[in-house]
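Asks: The task is simple: from the sequences and hints, build the whole structure.
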Amino acid sequence: MSLIAYALWKNYDAVQAIANVDLKIESGEFVTLLGPSGCGKTTLLRMIAGLEKPDSGIIMLDGEYIHDLPANRRPINTVFQSYALFPHLTVLENVAYGLLARKIPKAEAFERSRRTLDMVRLQGMETRYPQQMSGGQRQRVAIARALVNEPSILLLDEPMSALDAKLRIQVQIEIRELQQKLGKTFIMVTHDQNEALAVSDRIAVMEAGCIRQFGPAKTVFDKPRSRFVADFLGTENFIDAEKIGDHSVRTLWGDFTVEDPIPWGKGTLTVRPENMYLAAEGIPARVTATLYRGPYQILILEGGLRMQIDAKIPVRSGDEIHWTCSPDSWVVLHG
Amino acid sequence: MNRTHPWINFAAILLFMMLYLPLLCVVIFSFNASRLGTQWGGFTLHWYTDLFHNELILRAAMNTLILAVSSTLIATVVGTALAIGLQMAPWGKKARRVFEPLLNLPVVTPDIIFAVALVIAFGAVRALTGLFELGMPTMIVGHVTFQIAFVALAVRSRLRLIGTEVQEAACDLYASPSYLLRTVILPLLLPGILAGAMLAFTLSLDDFIISFFTAGPKSITLPIYIFASVHRGVTPEIHALSTLVMIFTIFVVLLLRRSEKQNSQKPEEKL
Amino acid sequence: MADNNDIIYNGELVSPKVLRKRASVFLLPGLLWIGFFLALPCFGLIAVSFAERSEYGAVDWIFTFENMKRLVGFDLFGWSADNFWILARSVMVAAVSTGLCIALSYPLAFFLASRPARNKGIWMALLLVPFWTNLVIRTYAWLIVLAPQFPPAHFAARFGWIQPGAPLYPSMIAVYIGMVSTFLPFVALPLYTAVDKLDWSLVEASRDLRAGFFRTFRHAIWPQTKAAVAVGITLTLVPAMGMFVVPDMLGGAKYMLIGNLIQQQFGTSRDWPFGAALSLALMTITLASLLLFNRNSEKGGVQ
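These protein sequence lines are chains A, B and C, in that order.
Per the working numbering, the very first residue in the first sequence carries number 30; after that it's consecutive.
Per the working numbering, the very first residue in the second sequence carries number 13; after that it's consecutive.
Per the working numbering, the very first residue in the third sequence carries number 1047; after that it's consecutive.
Worth flagging that the hints you see were computed from the coordinates, not collected in a lab.
All residues carry an ideal CB built from backbone N, CA and C; glycine is no exception.
The reader is advised that the hints may include incorrect statements.
Said to hold, decoys possible - Sample of chain B residues with no beta-carbon within 12 Å of chain A, all distances over it, derived:
#1 R109
#2 A240
#3 G245
Unchecked claim - Mimicking DSS-like on lysine-lysine, the simulated pairs with C-alpha atoms at most 27 Å apart in a straight line are:
#4 B:K106 - C:K1067
#5 C:K1166 - B:K273
#6 A:K82 - C:K1063
#7 A:K53 - A:K210
#8 A:K247 - A:K210
#9 B:K273 - C:K1243
#10 A:K82 - B:K273
#11 C:K1166 - C:K1243
#12 C:K1067 - A:K82
#13 C:K1243 - C:K1272
#14 B:K105 - C:K1067
#15 B:K106 - C:K1063
#16 A:K53 - A:K295
#17 B:K105 - A:K82
#18 C:K1166 - B:K105
#19 C:K1115 - C:K1300
Replies: As structure tokens, this is what we get:
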């Protein structure tokens, strides 16, 4: 089930919540909308669900216009951030709600709900009430309640924000496995880049109502296109550079060869700490601090660069070291 | 907070005595064999048994109950609808500037002005249509007028607790507006509706002024009966009646406390 | 493109007009009821107060200032200050009763707040039972306590306030006793809620600095309980001004308040226009005192 959103705009009073957003999602993909709070990711998700109305723009699902359909006529279901389970209904009734609302006979609805509850490993909990369950269990009820309707797309709004850290990792794996087993399109919203990287096929990084970069998780991580995206994905080494050739730059640290072409005269490069390594002919630098991180250590170099090397290498604060990195680990930022 | 000044405790006990002494006197003297005022003439229960043979009192009790039950039923339906209607649509500032005062008017208006307004309204209707002679119907209408506001306020606060996310979830799951109302909103609203109804019931049972002004000769309620009797002379019979009313009040108050406690629990924390 | 006028409200895609129409079905019965039976008649009071009383007690729609004149004291026998005194007495009784209730509610609230947690509910219920007991019963019950044979009447007789052998009613003292015991829970309950949540560190600090009782109160307790007192005042002052049952049973004809006078016009005297005029006067005083109170409390930061 492919989704196309085109030229979406939304204003709230004077604030631009969504500014000219285009999005194309393929069938069976796991896409994450990633960004800081206020970037519009939840608004965009709700627009797809039918809970927010864009000021202008269109949304198409498999070639059919859905942006003028109310939420209760879209074959799309949502897992809400606080799950929004119905407190007065049992788990089974909660899960069957969407089926019963569409007038599917009770017997069939409950049977399908039971099978979905089995799928999320909540068998035996049918007659419990949401208040009697743990956070993780409630989340699975919410997921079951959405999936039982066999929607074309499943939307998840920060589904793991209410869970504790250990549970979060486990749930991330479970959700990813579920998505791949079912082959359904999942769209998730989160502000946690580790989460996004763990589960997604593609990530759309958003800021101030715009999609800054949309691509496979690995690409977004390895080759962020803009400073914002790089920063959000955890990059720390920003180096100002001046172009001296199609593939070479001059920086305060020295001249480097870069695999990607340089589009600007002056700009910024970044490199990941783990892609830098010690080399006898490399750039000289003094170590101002070392941070031990278990299997590896972080060296803070004079000037602010961070580099990651094996913890077993004996380096002390104050040492002179030489470092380098390969041309393809340099990331050229475009904005 | 552990140490209170002994003076405070003393004053508080005194004040509690001030609140309860009169009531206790009523209870004690309801067993007084002597009919005369405050001379003790021995213990007897016959005033209580006499009550159940007093036609007037029985009718007044019946009227009080009929009044309370009918007005509560009407007010609960109308008041609940009022509260739902307030949150059903995005009313603008102008509309709210009319709705809010109307909703709060019955709560802030002093009883006697309320009663006078009702009498004038009934007089106007009587002049135009000949209906609304003072009697049970007018009393019911009068009670419903103030009960609506209390029910609506109780239901509205419950509605706020329910929140909008659960409603969005229902729509996301293919519910139509009426299905949403039936299967989600009304069930979750029930504690609020019950709390409002209990409050309305209690207020109606307790009311004197409004009943007094809008009652007809045949539709006397217990408070009115007691008031009129006291003017004729206080008797142990009245004390017995009052004691029974007080016991009933305590019972209703305990029920009221329970329903309000349930109403203020967030739906998710119910169990 | 979706119809541009539609909005999404609580998950539903709908036009605001349709939504409002639908909501009106729910909304209007209640609002119209209150409007017709309460709001409109309050305005009607103004009209009626300028009308004449017809022979059999109905209303003759002839414009007259008679009622207004009577209000300020001009009746068939020239000018008398009776009505004025009734009005003034009502305001004074209400104000003094409210003040007494506030003063007495503090010890009550502190007592309640200092009870161990498991008992608080019981004491609260003890406060609520008189609160919910019928006003008529609570008031006439004082007729027993204030009877000649009992201590209160003896006490007053000893001081010469009343004749020996007479009951302590009808009298202003009885009216005040009745008023205070009626309205005490109205002030004590909100005050208790505030005192329960009191930040005791402020009180302790004040005591540590050896401040006297009044300073402790003014600086540590009053600021935190101001708002509750404001609630108590609104719940007490306005109803007290229109109070009818208490002055009727405990004050009799000698100590009438405006509530009694109004009731007379709609009962035995059957003079609706004058009753309307009196009600108007009461409404005006009520509104004025509420406005005055609100303005003062905004200045003093009570909100």
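Asks: Evaluate each hint against the coordinates.
Replies: Here's how the hints hold up against the structure:
1. Distance check on R109 of chain B: its Cβ is at least 21 Å (rounded) from any Cβ of chain A, clearing the 12 Å threshold; non-interface status holds.
2. Distance check for A240 of chain B against chain A: the nearest CB is about 48 Å away, which clears 12 Å, and the non-interface claim stands.
3. Every C-beta of chain A lies more than 12 Å from that of G245 of chain B, the closest at about 55 Å, which supports listing it as non-interface.
4. For the proposed pair K106 of chain B and K1067 of chain C, the alpha carbon gap of about 16 Å is at most 27 Å, so the pair holds.
5. For the hint linking K1166 of chain C to K273 of chain B, the alpha-carbon distance of about 15 Å falls within 27 Å, and the restraint holds.
6. Between the alpha carbons of K82 of chain A and K1063 of chain C the distance comes to roughly 17 Å, so the proposed pair stays at or under 27 Å and holds.
7. Proximity of K53 of chain A to K210 of chain A is assessed by CA-CA distance (about 22 Å); at most 27 Å being required, the pair is judged to hold.
8. Proposed proximity of K247 of chain A and K210 of chain A is supported: the alpha carbons are some 22 Å apart, at most 27 Å.
9. Annotation: proposed proximity of K273 of chain B to K1243 of chain C holds, straight-line Cα distance about 19 Å (limit 27 Å).
10. For the hint linking K82 of chain A to K273 of chain B, the alpha-carbon distance of about 39 Å lies beyond 27 Å, and the restraint is violated.
11. Proximity of K1166 of chain C to K1243 of chain C is assessed by CA-CA distance (about 14 Å); at most 27 Å being required, the pair is judged to hold.
12. Distance check on the hinted pair: K1067 of chain C and K82 of chain A sit about 21 Å apart at the alpha-carbon level, within 27 Å; holds.
13. The hinted pair formed by K1243 of chain C and K1272 of chain C meets the criterion: a straight-line CA distance of about 13 Å does not exceed 27 Å.
14. For the suggested pair K105 of chain B and K1067 of chain C, the alpha carbons sit about 17 Å apart, so the restraint of at most 27 Å is met.
15. Proximity of K106 of chain B to K1063 of chain C is assessed by CA-CA distance (about 15 Å); at most 27 Å being required, the pair is judged to hold.
16. Between K53 of chain A and K295 of chain A the CA atoms are separated by roughly 33 Å; this puts the pair beyond 27 Å, and the hint is violated.
17. Among the hinted pairs, K105 of chain B with K82 of chain A is consistent with the structure: their alpha-carbon atoms are about 22 Å apart, no more than 27 Å.
18. At roughly 42 Å between alpha-carbon atoms, K1166 of chain C and K105 of chain B are farther apart than 27 Å, so this suggested pair is violated.
19. Under the criterion of a C-alpha separation no larger than 27 Å, the hint pairing K1115 of chain C with K1300 of chain C is consistent with the structure, at around 23 Å.
Checked against the numbered hints above, the structure violates hints 10, 16 and 18; every other hint is satisfied.
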